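Enquirer: These are the residues of each chain, in order.
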Amino acid sequence: MPKLAKRLPQFFVALMTLALGLSGLQAKPLNVPVVYYKLPNGLKVVISEDHVAPVVTVAVYYNVGFRVEPKGRTGFAHLFEHMMFQGSANVKKFEHAKFVEANGGNTNGHTDFDYTNYYETLPSNRVETALWLESDRMRSLDISEENLKNQQNVVSEEIRVNVLNQPYQLFEWIDLWQNAFTNWNNSHNGYGELAEVNAATIDDVRSFFKTYYAPNNAVLTIAGDVDANEVKKMVEKHFAGIPAQASPPAPNLAEPPQTKEKKVAQTDKLANLPALATGYHIPPQSSPDFPAMALLVQILQGDDSARWFQRLVKDKELTLDLTGGLNYFGNEFDYSGPMIMTTRATYKPGHTADEVVKEMDGVIAELIQKGVTEKELSDAKVRFRSSFYNQVESSFGKAHLLSCLALFRDDPNQINHLMDPFDKVTGEQIKTAARKYLVAENRTVIDRVPAAKDQKADAKGDN
Amino acid sequence: MSRSKPSSHLLATLLLLLASIAVYAQQKTPPPPGADRPLNLPRITERKLSNGLTVIMAPLPNVPKVTAILTFRAAGTAADREKHPGIAQIAAAVANEGTDTLNSKQIKEELRSIGGSLGLGSDADSTSISASALSEFSPRLFALMSDVAQHASFPEDELKLAKGNTIQRIQAGRADPGFLVSERFQKAVFGNHPYAFVVPDEKSINALMRADLKAFVATYYVPNIAHLIVVGDIDTEKTFAEIEKAFGSWKSGATPAEDNPAVPKREKRQIYFVNRPGSIQSAIYIGNVSIPRKDKDYFSLRTADTILGGSFYSRMTRNIREDKGYTYSPFTASNTQAKSGSYVAGAFVRNEVTGPTLLEMFYELDRMRVLPVTDEELKAAKEFSNGNFSIELASQAGLAGRINTIYTYELSKDFISDFRAKVNALTPADIEKAAAKYFDTYHAAIVIVGDWEKVKDQVTPFGEVTIYDAEGNVISK
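As they're listed, the protein sequences go chains A and B. Going by the working numbering, the first residue of the first sequence is number 1, and it counts up by one from there. Going by the working numbering, the first residue of the second sequence is number 464, and it counts up by one from there.
These are computed hints drawn from the structure, not numbers from a lab. Computed from a predicted structure; not experimentally measured. A portion of the hints provided could be inaccurate.
Stated by the list, open to error - FRET-style restraints, in silico, Cβ to Cβ: (1) B:934 - A:110: 32 to 42 Å; (2) A:331 - B:704: 28 to 38 Å; (3) A:184 - B:890: 56 to 66 Å.
As the list claims (entries may be wrong) - Each computed DSSO-like pair below joins lysine-lysine, with the alpha-carbon atoms no more than 27 Å apart: (4) B:842 - A:92; (5) B:626 - A:358; (6) A:92 - B:845.
Where is the CB? At the ideal position from N, CA and C, for every residue including glycine.
Throw the hints in and build the complete structure from the sequences for me.
Expert: Here it is as structure tokens:
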């Protein structure tokens, strides 16, 4: 008997009871209360009450990800994210963190394919502090040469620690995307080449801010233990006066269909074991094939009962692990441009990437021929629903999903019907999706093997 | 048909005007907090089964799921380390790969159909089964946890596969500076104490036989030295009945002898350098032995840590990240466990600033030892602790994990309700005293993973150096 919080607002409980009484449904639908409106300056506002714990998340999602950063400036969207913590008219450098933490909360930001977010989770009686902080930097970011230089150093260290000084260097993202996509907006290294991160100028920062960081290009979400009407007044007070800007140009993300398999061989100077990554282009979220594709991903690699895991790790003992999914950074709902399903596996010395790919192909062929079992399909739906609950459990997780639905679909209320298209998927549709998308000419394979020992002493990538 | 008089109309216009000014002016100072909201502290119920299993339940109906942790309190990573090094970790890796009645695939498929997950892990003090599922399927989740706890069969083929994979995973990990620095740090700080154990070597893994593992779980996976925590969308009485049904027939066992050698005391400051040729960064950990979780200084040390490096707006981050730009994510951490603990300050920095970073890290550690923190810093640290405690308790995994520490480390049952009072009572003198005692830079272990040839001149001024390779062999002293 799925149900959400036991402490929904009274009117909501009444509505739910009524709906259940009329329909006689066994399972209660998920009910997340959603208030959604736009300020005259174009800012989309989402408020969702939940009183289970005395906490709230305030999140601002800007409609700009690393796909749209300028050529010659790889990594700029992420560098800019760091600049948002460098002060604004009434908040000194880095004091954003001070105000949030001294009010009992935590804060961070994240740059993704199609959005950049900033958020604070804190005790709910401090909600206005977070709104003030977000409004101050949306209205009046303070940009200085000195702080830019400082954050270029910090981001360079971030790239070193997470990419350049690591075995495999995130090849299942950075290298796979560079090879699988042809449109630069989609294919380039979103973490950034060090030289380009360090070439950014203060004018780049100013113009990016003016173009993308305007209220009409953003969503503000407040999720948690607050009164929606009180929060509305606070939002009006802090955000209504921020002027709208001209809408940014729509980026060209069009990707020509892939017609031939791409195979890439790489060596790795830091890794001890070989690994491979594959990427298949998947249909857009608006395609009728999308829900089936999402469940197909679960069936192939959703967990360790999944077909690829069972074949490669357990039956054939070819790989140590198998990870991946439909969206490298997130889920089915938090991106908007072209996407690939990625898979990464560390394979065992003495074997080859071709052997691994051949087994993956064998699993697909079998699935196309015999289809999936009823149980496999219904289990995939249960698993999908369970992951969805994991997503909305925390105030931040819920704010994240609501923000993305507002940002990309202008409809955060979809959160209450999000599972519907997936629940309706049939076994036949799964087979069709496999036949259409899981073909060799639609994929990229990278085989990455340890470099010979005498080449190992000199890691690539530093400048 | 307005009934308002001209004067009140004027007043209304004025008010409106004022209101619109208030709306459009940018507020210069942070708004004051609103009235305190109810904390909604968890309602925790503790029961005991006749076999000795302690059961702790706490409703948290934020989503229709249930989260459970079953902890075996004596099955730490170093358990049985004289005869069978690594046995706790291999047992944890294979216990959910087959029981007397279910094979590996059947277990995974059962989990899939209840929207569930179930994994085992060992740390220095215990082994835990962590599991979750849709709450409507809680009886099936408990049945599966109970089956794994009581009837793990360690099939030969699964054991062989897990042993081989573990050896290769460790080999893969030896390319990762994060793994190397934490492994060497643990060994440097804890010496011969069981807490120094990180991963077994290849020979020890290969020597583990099915009979050893069966004997291990028969000794350590017993209800009378275990506790089960269940959090989520539950009804306490109904859930307890389900738990009794699943775990009631589990047989209790003898309590294994405790392996409790003294925690070593460090004699001097010493550098442990793991040479990783080709590194473009130095991975730095500085630290020492600290205290067990139940020590009276726990809250002082925890709060000192928040101020020094345990929060984003900490001294360490402000200095070596926001001022100097040496590093991305500096941190400090107080890792307190059942018998002892460690204190660590860490940063990953480009080769060129290895020496300057060591200088600043020691400066910040010593500043905490010598000068009192400001009232403003302490007030902020208290708010940070208390607020983030509420955030932690709002998630099923957070609440279950917190309750697990209470039972694993034998803390006061009132730990959660007393938390805020304990934090709020701290004074700057408490913080300084804890820092002086536990941020012991004079006898610190300095562990660095990096390219020795590139950074040796920056490192040697800070102490005597022993150099290791990635496999842990001493190359030179």
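Enquirer: Now, for every hint given, state plainly whether the structure supports it.
Expert: Against the structure, the hints come out as follows:
no.	hint	in the structure
1	B:934 - A:110: 32 to 42 Å	37 Å, holds
2	A:331 - B:704: 28 to 38 Å	36 Å, holds
3	A:184 - B:890: 56 to 66 Å	58 Å, holds
4	B:842 - A:92	20 Å, holds
5	B:626 - A:358	26 Å, holds
6	A:92 - B:845	22 Å, holds
The structure agrees with every numbered hint stated previously.
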